[in-house]
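Protein chains: 2
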Amino acid sequence: MFRFPSVLLHRRKLSSAASHSLTLPLSHPIYLIWGSNTGVGKTLVSAGIAAASLLSSPSQFHYLKPLQTGFPSDSDSRFVLTKLRQLSLRRNPRVPLSASHRVLNVSPAVPELNPLAAAEEGAGSSELLCKTLYAWEEAVSPHLAAEREGLAVKDSVVLKTLGGCFEEVAARGAGKERSEVLCVVETAGGVASPGPSGTLQCDLYRPFRIPALLVGDGRLGGISGTISAYESLKFRGYDVVAIVFEDHGLLNEGPLMSYMRNKVPVLVLPSIPKDPSNDLLEWFESSHCIFSNLKEILLSAYFERIKKLHDMPREARDIIWWPFTQHKLVPDGGVTVIDSRCGENFSVFKVQKTEVIAPLFDACASWWTQGPDATMQTELAREMGYAAARFGHVMFPENVHEPALNCAELLLQGVGKGWASRAYFSDNGSTAIEIALKMAFRKFSVDHGLIVDCHEDAPNERSTELMVLALQRSYHGDTLGAMEAQAPSSYTGFLQQPWYTGRGLFLDPPSVFMHNKTWNISIPEGYCWESLKGESITFASRDGIFHKSRDKSELATVYSSYISKVLSGFRGTSRIDHLWGLSCYVVIQGAGGMHMIDPLFQHVLVRECRSRKIPVIFDEVFTGFWRLGVETTAELIHCVPDIACFGKLMTGGIIPLSVTLATKAVFDSFMGDSKLKALLHGHSYSAHAMGCAAAVKSIQWFKDPCSNPNITSDGRLLRELWDDTLVHRISSHPTVQRVVALGTLFALELKAEGDNAGYGSLYARPLLQKLREDGVYMRPLGNVIYLLCGPCTSPEICNELLVKLYRRLEEFNRCRN
Amino acid sequence: MFRFPSVLLHRRKLSSAASHSLTLPLSHPIYLIWGSNTGVGKTLVSAGIAAASLLSSPSQFHYLKPLQTGFPSDSDSRFVLTKLRQLSLRRNPRVPLSASHRVLNVSPAVPELNPLAAAEEGAGSSELLCKTLYAWEEAVSPHLAAEREGLAVKDSVVLKTLGGCFEEVAARGAGKERSEVLCVVETAGGVASPGPSGTLQCDLYRPFRIPALLVGDGRLGGISGTISAYESLKFRGYDVVAIVFEDHGLLNEGPLMSYMRNKVPVLVLPSIPKDPSNDLLEWFESSHCIFSNLKEILLSAYFERIKKLHDMPREARDIIWWPFTQHKLVPDGGVTVIDSRCGENFSVFKVQKTEVIAPLFDACASWWTQGPDATMQTELAREMGYAAARFGHVMFPENVHEPALNCAELLLQGVGKGWASRAYFSDNGSTAIEIALKMAFRKFSVDHGLIVDCHEDAPNERSTELMVLALQRSYHGDTLGAMEAQAPSSYTGFLQQPWYTGRGLFLDPPSVFMHNKTWNISIPEGYCWESLKGESITFASRDGIFHKSRDKSELATVYSSYISKVLSGFRGTSRIDHLWGLSCYVVIQGAGGMHMIDPLFQHVLVRECRSRKIPVIFDEVFTGFWRLGVETTAELIHCVPDIACFGKLMTGGIIPLSVTLATKAVFDSFMGDSKLKALLHGHSYSAHAMGCAAAVKSIQWFKDPCSNPNITSDGRLLRELWDDTLVHRISSHPTVQRVVALGTLFALELKAEGDNAGYGSLYARPLLQKLREDGVYMRPLGNVIYLLCGPCTSPEICNELLVKLYRRLEEFNRCRN
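These protein sequence lines are chains W and Z, in that order.
For what it's worth, my numbering labels the leading residue of the first sequence as 1386, then goes sequentially.
For what it's worth, my numbering labels the leading residue of the second sequence as 1386, then goes sequentially.
Keep in mind that the hints were calculated from the coordinates and are not lab data.
This structure is a prediction, so every number in the text was calculated from the model and none was measured.
Heads up, a few of these hints could be off.
The list cannot tell twin chains apart, which means a pair is met if one copy fits it or any two copies do.
As a list, the in silico DSSO-like pairs of lysine-lysine whose alpha-carbon atoms are at most 27 Å apart [as the list claims (entries may be wrong)]: (1) K1937 to K1998; (2) K1713 to K2049; (3) K1738 to K1680; (4) K2136 to K1680; (5) K1692 to K1561; (6) K1693 to K2088; (7) K1998 to K1713; (8) K2060 to K1545; (9) K1539 to K2049; (10) K2189 to K1516; (11) K2136 to K2088; (12) K2155 to K1735; (13) K1713 to K1802; (14) K1933 to K1561; (15) K1735 to K2189; (16) K2049 to K1693; (17) K2060 to K2049; (18) K1937 to K2136; (19) K1516 to K2049; (20) K2136 to K2060.
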């Protein structure tokens, strides 16, 4: 009986939910009612709240039961309806009640519908609207019922139907006070009971992240069950606003209140009569006060949330200092309130006709870090809670812990395979680069005899000035060491960092792009390429650009001559004695404008450095871990570095961690008898457990075809995410200068002149504004714009993004003309 | 009935557990048996595993029941004993069984002990040893029984008793094969059911972090209950090695296996006969195969763990590159395997007589980051899981999310109160300093007319070279910009960073220390202090040093003259036009050797900078957030900065995040019509949600007297953690040069000469080695050693640390002589 399940998790279910259906209106309060177990009285609580709302003053109450099994003999909707009618008749003064019940979808196994199902009765000043969204006959878990009865229903469809109901709540509540309309959605079973597809309900409903009311368990063992259920909700990002449970005389409220202190109010309901003939009306009356209390808690939490969401933009503008942001240029209404994220989507607060929380595809992958889809995010969150609970943070030197060791192993077997022998952890791309530079310095100094023995601390510093060989338009981070390795730009002037001098020789690399369906190489000035004559520098397909055979081409010789010329010229004319270290973005220069460097150039450059004993650093912070369709872009340029830096996607993008990998030879240049010869660079959180745990999970997840359907079966490539035809069409569009599509990246440069071009340009702003209305969040690099999805994002979603982009380009073109 | 509990959480319970009692032997497998609810059959599973062990081959089985209520009519120990005897009689060939049951502590309410309780029977080749540790009469939750019956028992005592039982397991198992002895500890109720003190059992047993077996729930709702219980265990850092549950015909294994895929094996037991007269022997026989399977899983997980723990040091040495570590000097056996941490203690793997996991007080607070005790760690872990699930990471510019906004508010109301108006988030102390420097540059440039209007990008860079005014022996981080702001040292030479030039004027500050029970000021050369004559520069108490009245003293004038002299001399002789920015550790220079700078000097220095319009930066990365007994050390020197950097303890030390706070005037110097005038510095994880959420929780937790008992009632000070008498004694010890005790820090410099002194010295190593045997983990700064506790650590624990230190100093002295 010991067995692992053979079926794969149905992990694609959520992603195909069209994002527009996942909008949650905030015009009136909506709550999810969860149970810490089955049979704890969720429906009684729903009915109690309904009574507290409807029978005290004229109002509207929506009761939604998305998943009902045992139907029609069990029908929670009908129960609520019946009880409310009975209770309304007892009340004095009576609040007239109109009540209805609709069943939207039933399984074929359900017999002819009970007339009650569609009943609607009288007009009252209070209105109860009950809906059952999906109903199955058998009284088992929905996933079993769905399987057995043939009413299978995808998660995306459940969510869409529920979203439709929310729209109706907003529509029918239009014109009413916020507090006059209340909607509760009652889940089935416990918090982690499966829905019809097998997805746990706490995962199923997560995209809406509706605030929660948890019905606890007052029985023996109920303290534990209630706390665990609460934790399962919290660990999926839900906010629980109240816990209520039936008293069983066990004083469960003591420990529960102690645990929930300052977090969540805990309310206790009187014991429920167990006699099945009891109509519970007396019980409801005696619980009235608690339900009123509960209703007030729900309302006040709702009002507090609305107020907070409205206040946040102003408060943020008052006290926050955003990076890379000219605060004076942030327009009114220009601050986006991000309420949460679910996979690739932000959930943002918007005020349209009414306030809503709406999904927005994070097409800049939050500064190129993000990878997880919704399923992976849940998995990573669990990992984060575990790592924090197990390790918190533990210091690293001369210590070892499982996450760090496992992470180092995965790195050396993966992106460092075949060359790296050591992993040096730090916090971000910039620190990883500073470390890489220090490593390269030492290696170069040792190789070139600048350090003869380990006790000779410093050579004559005046006569030896080490510099970096790097590329124009590269960006490696914002700390001074990383800045010094990049060419002068807007980021490096006196206004930004007076200490910057630019300690490098910066080569101007040839770039590659698609225009009019054809890939072209653009060779800058300074190259002698007359010799090419007949040789074509266009390619019909991207594969041609990356083909190994180009190594033998005439162009390789052109590149090689250029590099030699520049290097020897520099040596001849300068007071500087030595050059060292090559640091470059591999394949794509991100911040510099999403330029794709000719991979052949990189290949030749590495070869030229090798022959001169210049250590080679690859900056793969942006490009590593499938960003460009391969785990490491070293695969794309057919050579390996001495040192490489990784970050961003390494942890799935959810937590800061970076690593600098190095060869044995680099490591050995720091070995000696003195501590002073060691690499004396460190950060408090070197190899912190949470970061390493996230990296272990992400590295494995991204490359495993079982968890990432975009991975080819041999685990070496991402399948093509961007539709060829659409890419071609966009590359031929009159507004478009060039296109790059590779891995998870689709970038384009808008045709622009003068002030409209360059990093400071606002040219793309109206286009991106429109795309934001389409639910796509992009940020420009001047007149360059890009879409960045995650390694697990489905091609269908990528396709949708391209279609939206194309439409807006058409419009942009019309407006321009 | 809606009420928050009035009682405070008993949150000190765990910390007083003497650490030596928390050692877990690994000589043989020990497992915790948890239930996902009450009544799911934990005891049957325990008995089943016992049978699979004892009745197949000669072996030893320890069954421990720490908490038993309903005693003696309910006794899980007795049940296991009885069943095993019965089963052993049925087996053919029979394995002779000797069995015993002891009850260690019973509540006064329990009647005369049943003779069975102490029974021991015959000598067999298999041995069953059952123990009930604490027993209460009433069949209710242990916390209620303890309250009602008068057998109250503290968490620390439960753990100590349990630790004693583990010692016995190791002792009685000595000489036996690893697989011949098995011990299970059966918990009471569900995973989060309260123990006798009210602490949830999953928290109570956490210091041992014993691997877990979870008994799931096969009933309706059991999928949810099992998953939630599993998550509660994971979120406390437990490893669950198997899940087993009774079949109720509901196919719960489907969704459970799907959820647990690649994580935990799920086993299904046949239905248990419900007839109370059934002796279950048939059921045990029919389940034999599953229990054997289960036993094998437990054994193989145990062997895998042992192997991993043994292999880790070698693997780490092979592939990891530690910061600040000369790998050649790491001795064999010098790698510490950290299995987990619980509050201030690491749990480390050690091989003594047998392998153990033993606690080790993290007295360097893991590079000065750590603050949480066990309770706070659990709280933070929950927060991390929630923040990861709700937000993952979301990019920051022009966006706002709750954790970032709340964190900024708390910072401005707390450490920035009265001066700061903006929060700029980054990743670590080093980046926070780089940002602070950029801010100070700009402010200085604007104030001194170097930038006339915002379009004038760069002044003549040759004529204007900006430098930092800083202190000797300061350390601000390892990225180049932060390095440039510190004086030359072993960290800055050509070997480490050839680009370093030291762009500062470095003042030599007076320091303060205790020697021979008296506080002294040490004034370096270069100060003209003849004028002091009669004025004393010793203090009987630390308070005198921090007293505001010193501002009017003659010494203040001496300091002021020194600063003026150095500044004017520098200006006169150098080609450099401008000085800017003061950057200094406030009060304590950590990495420089735990030097306490005379607070009066700092105060005067700030005043002198102000008068010259030099922006003042406080580097509070190490000193902020109660490290020195106040939330911000600005309080200690009676003045505020223009810019300040915080990190480390800000998040409780569990996750990287730093912040640079600034005044409105600093912020305004970046306002303009061009983006190019904005501060163009950022990191991918600026204000990442998990970091900000941890900071919000930690900032509040540390300063709230309800959660931190060390905080004085007005919330402004930590109470004194280091015992005065002991501090005095140590300061008079013949081995000790000087002592500093302030807030969470106790530091001392060992008297040393020649090579024994300084950062590279190994002089303190044998002393620290001995302290490690005492369970105290310290790292030296050359001949300076220190103890660093958390803001919530109890003075009793600090006292214990001082006592251990004193003893070892005595021994050190004897060996030296």
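Taking the hints in turn, this is what the structure says about them:
1. K1937 to K1998: Classified as within: same-chain Cα gap 23 Å, cross-chain 62 Å, threshold 27 Å.
2. K1713 to K2049: between (50 Å within a copy, 14 Å between copies)
3. K1738 to K1680: Classified as within; 26 Å inside a copy, 62 Å across copies.
4. K2136 to K1680: neither (57 Å within a copy, 69 Å between copies)
5. K1692 to K1561: Only inside one copy: K1692 and K1561 sit 18 Å apart there, 67 Å across copies, limit 27 Å.
6. K1693 to K2088: between (40 Å within a copy, 24 Å between copies)
7. K1998 to K1713: between (49 Å within a copy, 25 Å between copies)
8. K2060 to K1545: neither (63 Å within a copy, 42 Å between copies)
9. K1539 to K2049: Cα proximity of K1539 and K2049: none, with 52 Å in one copy and 53 Å across.
10. K2189 to K1516: Neither, since 34 Å and 69 Å both go past 27 Å.
11. K2136 to K2088: Cα proximity of K2136 and K2088: none, with 37 Å in one copy and 56 Å across.
12. K2155 to K1735: within (15 Å within a copy, 62 Å between copies)
13. K1713 to K1802: Between copies only: 25 Å across chains, 48 Å inside a chain, cut-off 27 Å.
14. K1933 to K1561: neither (68 Å within a copy, 61 Å between copies)
15. K1735 to K2189: Classified as within: same-chain Cα gap 20 Å, cross-chain 60 Å, threshold 27 Å.
16. K2049 to K1693: between (54 Å within a copy, 24 Å between copies)
17. K2060 to K2049: within (19 Å within a copy, 44 Å between copies)
18. K1937 to K2136: neither (34 Å within a copy, 68 Å between copies)
19. K1516 to K2049: This pair counts as neither: shortest intra-copy Cα distance 66 Å, inter-copy 54 Å.
20. K2136 to K2060: Only across copies: K2136 and K2060 sit 22 Å apart there, 56 Å inside one copy, limit 27 Å.
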